[in-house]
Amino acid sequence: MQKENYLLELCRYIVLNPVRARMVVEPEKWEWSSCRAIAGLIKMPEYLTAGWIYSFFDTRKALAQEKYRAFIGEGMGQGSPWDKLQGQVLLGKKEFVESFKEALAEKKQVKKIPRFQRHLNRPGLEEIFKEGETKTQRNRGIASAHLKYGYMLKEITDHLKIHYTTVSKVLKQGLVKK
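Numbering (the numbering used here), first residue to last: 10 to 187.
None of these hints come from the bench; they were simulated from the model. Since this is a predicted model, take the numbers as computed values, not measurements.
No more than 27 Å apart at the CA atoms, straight line, and that leaves these computed lysine-lysine pairs for DSSO-like:
(1) Lys181 to Lys170
(2) Lys38 to Lys76
(3) Lys52 to Lys38
(4) Lys144 to Lys157
(5) Lys178 to Lys139
(6) Lys178 to Lys163
Pairwise CB distance ranges, derived in the manner of DEER restraints:
(7) Asn26 to Lys52: 21 to 31 Å
(8) Leu50 to Ile171: 57 to 67 Å
(9) Thr174 to Val34: 50 to 60 Å
(10) Lys52 to Arg29: 25 to 35 Å
(11) Leu19 to Arg69: 19 to 29 Å
(12) Thr145 to Lys76: 56 to 66 Å
(13) Lys139 to Met161: 15 to 25 Å
We put the CB at the ideal spot given by N, CA and C, even for glycine.
Please build the complete structure, drawing on both the sequences and the hints.
Here you go:
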């Protein structure tokens, strides 16, 4: 996870969970949350440290608490940061995800790692298949999408809007020719 923005997003996501679950109307009302203490609404328990969260907002504690409360309030009704998760394992900007590309390339053959995670940096199907391609180009794309980038046959057929057996035959012909 890229620390700068996404750590705060996850913190906000956590304190808003009771609101999303309709257990409370406001996050400060959930008694088991650290939100009230970090927001300065109750005394900070000895076991809780919030300096690192405050550092994202302001150097002055009172102003940081005020900005934290506003930040939490802005998150009401927003989507989940998990929607931005890439390859089920990385949360961050494109450059951050790209920095893992080399390390992930070595893991593509490790079958114990879920396929989606092994192929994190694969191009999208819209990048593999271009408008107006010839049948030969499409067939090369099918082979590449499945064999190189780990796309499932169903994903390819859904994208191309062609029958499953067509994709299967293309792959079978390519394997027989080798």
